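Chemist: Line by line, the protein sequences are chains A and B. So the first sequence is numbered by our numbering: it starts at 1 and just counts up by one. So the second sequence is numbered by our numbering: it starts at 1001 and just counts up by one.
Hints in this document: simulated from the structure, not taken from any laboratory. Incorrect hints may appear among the rest.
List time: in silico SDA-like cross-link candidates among lysine to any residue, alpha-carbon distance up to 25 angstroms [as the list claims (entries may be wrong)]:
1. B:LYS1202 / A:ALA5
2. B:LYS1202 / A:LEU72
3. B:LYS1202 / A:MET71
4. B:LYS1170 / B:GLU1105
5. B:LYS1099 / A:THR46
6. B:LYS1132 / B:GLU1026
7. B:LYS1099 / A:ALA5
8. B:LYS1083 / B:ILE1069
9. B:LYS1132 / B:CYS1114
10. A:LYS28 / B:ASP1224
Remember, predicted model here, so these are calculated numbers, not experimental data.
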Amino acid sequence: MGGLAIGAGMAVMTGFAAGISIGSATGKATEAVARQPEAAGNIRSTLILGSALAEATAIYGFVVALLIIVMLKG
Amino acid sequence: MGYLANQMRTMGDFLQEELQVENVFEIPVKNPIPSITLDGGGGESGNIFFAESTVTAWIVMGCLIVLTIILTSGFRIRKLSGKQTAAEGWFTMFYGMVKNMLGHEAIGYAPYMCSVLFFVGLCNIFGIFGFKPPTKDLNVTAALALMTIVIVQIAAIRAHGVGGWLKSFKSNPMNVLELFTRPLSLCMRLFGNVLGAFVIMKLIEHIIPVGLPGMVSLYFDIFDGLLQAYVFTFLSSLFISEAVE
Chain A
1 MGGLAIGAGM AVMTGFAAGI SIGSATGKAT EAVARQPEAA GNIRSTLILG SALAEATAIY
61 GFVVALLIIV MLKG
Chain B
1001 MGYLANQMRT MGDFLQEELQ VENVFEIPVK NPIPSITLDG GGGESGNIFF AESTVTAWIV
1061 MGCLIVLTII LTSGFRIRKL SGKQTAAEGW FTMFYGMVKN MLGHEAIGYA PYMCSVLFFV
1121 GLCNIFGIFG FKPPTKDLNV TAALALMTIV IVQIAAIRAH GVGGWLKSFK SNPMNVLELF
1181 TRPLSLCMRL FGNVLGAFVI MKLIEHIIPV GLPGMVSLYF DIFDGLLQAY VFTFLSSLFI
1241 SEAVE
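Turn these sequences into a full structure, and let the hints steer you where they fit.
Modeler: Next comes the structure, spelled out in structure tokens:
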């Protein structure tokens, strides 16, 4: 049972990478807006798309942790 | 370790309960065919079951239809009422937003994408009215993702013809893989986000029942729900505009 908890926790660790990547993307987007304020609209939609794709990895981790807890709880 | 195992089991039971879809009502069938069962289990086989998410989705659709009828009734050309001005303003805003996502080549799909935006958006924030959000059910998000991928293929066929559509698979075999990964990722993203927000809200309500849930629900229920509806529409529009170009 303890191993199960550790496994679920490790699956949620995917959020680590997603957080770093979304932070990095937002930082770059801020720099881009500061450099070219007139392109803010395009940059925003690109940023949202990129963040959604990066965030999906964290969500997959969450779903896997959920499945570990629900399917294997025994 | 005993405490941890106990907590784990409680959590597992809670999550399993939230993952299961309850049947709200059923239509009894006189001579049930045993091989056809529409339910998710848990009832007499042969009857037609309606899951909670289906019924909530009907309520969402009903709200949208009633809102549309109220907002679009009594339009005039002169002496505009405040209601008409507001409706036209919102229409221009949302239609323009979807148009920007689709690009001018795929503009014919804007009404569909607008409907999806409104439906998914209202579904996601329906938790604040005391319902369970229908998009918390994997079946609903899977259906939405399937609709997206079917309309993407239809768009590709309409733009390039059947030959051109088949040729795109031949020239880039990765496109065959994308037929499966795209709907899977769309479906899982929406489901995971809504279920994650729902579970976190339940946990917060369990720990601190007063005050804090209201504030946190602003982010998890409203902001995150609307953002996910936007992302779903954005990605679907991106696939469509990619298919027609």
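Chemist: Take the hints in turn and mark each one as holding or not.
Modeler: Comparing the hints with the structure gives:
no.: 1; hint: B:LYS1202 / A:ALA5; result: holds (20 angstroms)
no.: 2; hint: B:LYS1202 / A:LEU72; result: holds (22 angstroms)
no.: 3; hint: B:LYS1202 / A:MET71; result: holds (21 angstroms)
no.: 4; hint: B:LYS1170 / B:GLU1105; result: holds (24 angstroms)
no.: 5; hint: B:LYS1099 / A:THR46; result: holds (16 angstroms)
no.: 6; hint: B:LYS1132 / B:GLU1026; result: holds (19 angstroms)
no.: 7; hint: B:LYS1099 / A:ALA5; result: violated (46 angstroms)
no.: 8; hint: B:LYS1083 / B:ILE1069; result: holds (12 angstroms)
no.: 9; hint: B:LYS1132 / B:CYS1114; result: holds (23 angstroms)
no.: 10; hint: A:LYS28 / B:ASP1224; result: holds (22 angstroms)
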